[in-house]
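**Q** Listed below are the residues making up each chain.
Number of protein chains: 2
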Amino acid sequence: MGKLGKSTLTFENPVYIRSGAAVVGPMEGEGPLKEYFDEIKSDLLCGETTWEKTEAKFQGEAIHLATKKAGITPNLLDVVIGGDLLNQLIATNFMAKETKIPYLGLYNACATMAESLLIASTLISGGFAVNCAAIASSHNSTSERQYRFPTELGVQRPQTAQWTVTGAGAICLSSLGNGPRITKATIGRVIDFGIKNSNEMGSAMAPAAFDTLETHLKDTKQTENDYDLILTGDLASQGHRLFKELCKKKGMAAGQNFQDSGILIYDKKQDVHSGGSGAGCSATVWSSYLLRELSQGTYKKVLLIGTGALLSPISVQQGSTIPSIAHAVVVES
Amino acid sequence: MGKLGKSTLTFENPVYIRSGAAVVGPMEGEGPLKEYFDEIKSDLLCGETTWEKTEAKFQGEAIHLATKKAGITPNLLDVVIGGDLLNQLIATNFMAKETKIPYLGLYNACATMAESLLIASTLISGGFAVNCAAIASSHNSTSERQYRFPTELGVQRPQTAQWTVTGAGAICLSSLGNGPRITKATIGRVIDFGIKNSNEMGSAMAPAAFDTLETHLKDTKQTENDYDLILTGDLASQGHRLFKELCKKKGMAAGQNFQDSGILIYDKKQDVHSGGSGAGCSATVWSSYLLRELSQGTYKKVLLIGTGALLSPISVQQGSTIPSIAHAVVVES
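Sequence order for the protein chains is A and B. Residue 162 in numbering that gives the first Met the number 0 sits at position 163 of the first sequence; the count goes up by one each step and never skips. Residue 179 in numbering that gives the first Met the number 0 sits at position 180 of the second sequence; the count goes up by one each step and never skips.
For the record, the hints were derived by calculation from the structure and aren't laboratory data. Mixed in with the good hints there might be a few duds.
Same chains, same names: a pair is fine if it fits in one copy or spans any two.
[Unchecked claim] Under the rule of at most 27 Å between Cα atoms (straight-line distance), these lysine-lysine pairs were calculated in the DSS-like manner:
#, residue 1, residue 2
1, LYS2, LYS99
2, LYS67, LYS268
3, LYS99, LYS243
4, LYS5, LYS68
Produce the complete structure using the sequences and hints provided.
**A** Given below as structure tokens:
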């Protein structure tokens, strides 16, 4: 364990990724990553009376599936760490109530999965825990009405808008194992580009993603070419283009190894405009697609950059800009 | 570093409390702890245009005062860890934007300060950070309208209701120093007593506080008498009475060493009904009163139990019960 440079942690005692599981909604199940997801739901309620309860249920199922793959039961987890986008994190709170696992709730918007992996890794590498689950989720129907307009209103969305992913992703980490490892992480700081339009979150988050990438590469004395894949959370088309422009301005190539989870999860013909977003976006893509491709040797060293827009409807209504954050996590197979 | 029993972490590499600072509103400044607070504001806006911005400002001032007392500048902090009660943590997000310190956002309702101290201690004891600030806040005017009724409505409150504290508390922790130390911490699990009345949060949280205390004493093979002070977060009169009843049922004395921050912060004649609450309640009491009394030798070994009611207005409206959590932190001088 230790610290590199300004903001990067290094995990000398190994942190193994034992397993991951993703439970998604119908639209995600029609997208390009459908073969990777563990469970695809055919509707947005799944027998519950409210979307919020469904989101909590998805989290519980993701925890159960991930622990099963790791060969443990949920009660063997020392702690579950994570969050969601709902006010007061009710999806995660109610999952934690059902699973009865010691629980640490986090909120860094759509960067929550990266934050969860980072904190879980410090607990494991620091010798404070053996088995941890990192989790995050979002639900299109709970988010849309909380952040934007009543779902029934059918308001037209601009082309810069993103589509909130319905899904929960859980990753089991352990001090025991032999699979891919989390070796480093960089804690982000809040960057505010001055954007006030809550339908341009990708643009708001791009400078934070760039700041964290630059800090990470400086702290670790590496370049972009040291990574097979630099996978951002949910910048989507608009934000990812800006992120690559910022990188190119500093002399990087920002080529084929730069990918974004919000672009990967939907097909263009699904009419999601800029792409996917939500705390469940990176959580589901990383816990399914990324882990499978790592195990198949497609990637050997990956930099995950979770990106979060730290706005609320109140802060937007009060005329505030959108502060953003990004946390980075290094996964090596 | 290591783990004791089911849920307790032990910090073998020392985690020193370097300093603390509390910035509070006018009503807290008229209460019994007024001599302990670093800054008492004479109004609830303090020159800002919205209460939410004022809450963020209080956090920034608490960070500046606490770092000044610790003999460092905010930019020497490796990370600031914390949260507040506002949807999407906008007070903490905007503080982190202004201070530009690497930031990890947390949410466990009024248990957030205990959670912040716990996670900051793992980072320091694990060797991942030298200086961390733990922070939490609440503001009566931002909370009341978010959780209950429009402030202007003047709705009558039942006697079981608590008064949300206006204030921010910050504590600077470091691997360097010689003052009081955080030596252990217990991660809580979610306990749901079945209470649905959001004006009875003390009662909802009492079983969670008891569960964490019981787990902590079992994990560490101690009794209640090993602590000069067992200081809960914000159970207030109603919740604290229930908490002590639960302890007595298990054979504890639950005597004079059982205190509650929500009872300490206001005088009965201040008409706050059951007492204080809010993420700022434990944060301001612990960062001022507790630290001063520790330095003066009044207490030598203290168990802090942060208590959080994990409800949201949506979960209450949907008929859900109030899940609750408590995290414990041991401070020894």
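**Q** Looking back at the hints listed earlier, which ones does the structure fail to meet?
**A** 2
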